[in-house]
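Enquirer: The primary structure of each chain is shown beneath.
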Amino acid sequence: MKNPVVIIVAGIILVCSFFVFTHTGVFMRGYSTAKNALGEITGPVLRVIGKPFELVGYVFSSYFNLIRTNKENEVLRSRVDVLQLQNQKIPELEQENRRLKTLLNLMEQRPKTMIAARVVGEDVKNWFKCIIIDKGTNHGVREKMPVITSRGLVGQVVDPNRLVTKVMVINDTSSSVDVYVDGKNTRGILEGTGQTLLKLKYIRKNDEIEIGDRLITSGKDSIYPKGLATGIVTTVNLNKPGIFADVDVMPFNNFKRLEEVLIVKR
Amino acid sequence: MIKVSVYAAVGLILTILESSLLYSLPIEFFKPDLGIPFIVYTSFFLGPREGLITAVFVGIMQELLSAAPAGAMIFTKVSIFLLCVFMKRKIYIDSRYSFAFGCSGAVLVDSFLFLSLSLLTKGQSNDFGNVVFYAIPNAIFTGFVSLFIFSLIEFLNVRYLDRQ
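Residue numbers (this note's numbering), protein chains in the order written: chain H, 1 to 266; chain V, 1001 to 1164.
Treat the hints as calculated values from the structure; they're not laboratory data. Everything numeric in this text was worked out from a predicted model, so none of it was measured. By construction, the Cβ of each residue, glycine as well, lies at the ideal position given by its N, Cα and C atoms. Check each hint, because a few of them may be wrong.
Sample of chain V residues lacking proximity to chain H, with all beta carbon distances greater than 12 Å (derived) [as the list claims (entries may be wrong)]:
{"id": "1", "residue": "D1094"}
{"id": "2", "residue": "L1117"}
{"id": "3", "residue": "L1152"}
Only pairs whose alpha carbons sit at most 27 Å apart, straight line, appear in this in silico DSSO-like list of lysine-lysine [what the hints assert, rightly or not]:
{"id": "4", "chain 1": "H", "residue 1": "K35", "chain 2": "V", "residue 2": "K1122"}
{"id": "5", "chain 1": "V", "residue 1": "K1088", "chain 2": "H", "residue 2": "K199"}
{"id": "6", "chain 1": "H", "residue 1": "K240", "chain 2": "H", "residue 2": "K226"}
{"id": "7", "chain 1": "H", "residue 1": "K144", "chain 2": "V", "residue 2": "K1003"}
{"id": "8", "chain 1": "V", "residue 1": "K1090", "chain 2": "H", "residue 2": "K256"}
Reference excerpt, derived from the structure (chain H facing chain V, CB under 7 Å, subset only) [unchecked claim]:
{"id": "9", "residue": "V15"}
{"id": "10", "residue": "R162"}
{"id": "11", "residue": "L163"}
{"id": "12", "residue": "K166"}
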């Protein structure tokens, strides 16, 4: 081995990171300092870079919409083509306007309790489901604050930095939300699967639940306030062995297409 | 040291771009690990010290832009660096294609190490299904992207940095 010192240092870092993983106090402090220092660089870059890529996303989604239109209606294709070229920016602005209006309505209901934020990025690993927003501790964001849109629940703040914040989305495998079936006396735990659909756990086979039922937060997990819409039941399988039913839930939000969110202050 | 700083800066920019750009595009299945090619390159072609610095930097950077548990990414990236150091005399990287194979293998090792770490320390892993599901697509896509990263690094070396 040419450089045993480096190997020893690497070994020490490996052991330290292992202790950080197990949340050992002394190691966590040093780790936080290093992470915050690098966060000071990535935060502003992410906020700046996020802006032009919204346009890229818009162009990309427009392209796919165009293909679908082609398939559905050949006659209208050329017309849609021309109109889209002419009004490339207008529909996006109108859409944004509509979205922002609904957010504003939501904020006006409780003006001091919400922070509006824009989504600037997502998790670099597809193992975890997390989004990055452009508001941080400077704007009053704190850990475990619920994040919502006008459609319903998005997730909770997990790692607020000075300028940007990571939000764990409810379809992450580490996410659990205590929910009620709207209008029925059925309660369960909504867990993320890492995929689009969520799983509603601990619903007994004789509980009142059917396809199309809406789920709302119960407020009993002390993270999410009561009454937030979370999703709609898409599958109820009673043929599974055991006392609990297998229930799939489709969230109201499309987490890949979020642009603005609201953080609920607590 | 200048080389490492340049590579680290390029890696940082690419990873931030990945975080921003891929959110705007409906791509979920293929997500390259843009840090691994830099770790493999520095460990194989520069030296252990440079490789270690890159590994730690990439590890912290990925933890910053991901909901990964604290310490997990540093652990896996430093382990990959150590593997690269030990395999340096056993694996011969002579082209960008063998480099891409090396990077794909490193992504698989990364997934395996993360799962092992989670299972060893916590006794369970919520992300088990997800990590296994995405391991091979991620490895293939990272291998593909590392072809371009290798060319980019070589271009930087020839054009702006001294070739050693």
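Enquirer: Verify the proposed pairing of K1088 of chain V with K199 of chain H, using a straight-line Cα cut of 27 Å.
Expert: Between K1088 of chain V and K199 of chain H the Cα gap is close to 45 Å, so the pair fails against 27 Å, i.e. violated.
Enquirer: Are the Cα atoms of K144 of chain H and K1003 of chain V separated by 27 Å or less?
Expert: 40 Å, violated
Enquirer: Beyond 12 Å from every Cβ of chain H: is that where the Cβ of L1152 of chain V lies?
Expert: 18 Å, holds
Enquirer: Classify the hint on L163 of chain H as holds or violated, based on whether any CB of chain V lies nearer than 7 Å to its CB.
Expert: Nearest chain V Cβ about 12 Å off; hint violated.
Enquirer: Should the label of L1117 of chain V as a non-interface residue stand, given a Cβ cut-off of 12 Å to chain H?
Expert: At roughly 6 Å from the nearest Cβ of chain H, L1117 of chain V sits no farther out than 12 Å, so the non-interface label is violated.
Enquirer: Check whether the Cα positions of K240 of chain H and K226 of chain H lie no farther apart than 27 Å.
Expert: 30 Å, violated
Enquirer: Does the structure keep K1090 of chain V and K256 of chain H at a Cα separation of 27 Å or less?
Expert: 42 Å, violated
Enquirer: Under the criterion that the straight-line Cα-Cα distance not exceed 27 Å, is the pair K35 of chain H, K1122 of chain V satisfied?
Expert: 23 Å, holds
Enquirer: Can the hint on V15 of chain H be confirmed by a CB-to-CB distance to chain V that is less than 7 Å?
Expert: Because about 9 Å separates V15 of chain H from the closest Cβ in chain V, which is outside the 7 Å limit, the hint is violated.
Enquirer: Decide, holds or violated, for the assertion that all CB atoms of chain H are farther than 12 Å from the CB of D1094 of chain V.
Expert: About 21 Å separates D1094 of chain V from the closest Cβ of chain H, which puts it past 12 Å; holds.
Enquirer: Can K166 of chain H be said to touch chain V, with a Cβ gap under 7 Å?
Expert: Given a least distance of 6 Å, the restraint on K166 of chain H holds.
Enquirer: Close enough to count: is the Cβ of R162 of chain H nearer than 7 Å to one in chain V?
Expert: R162 of chain H check fails; min Cβ-Cβ to chain V is 12 Å, beyond 7 Å.
The structure fails hints 2, 5, 6, 7, 8, 9, 10, 11 (numbered hints given earlier, in ascending order).
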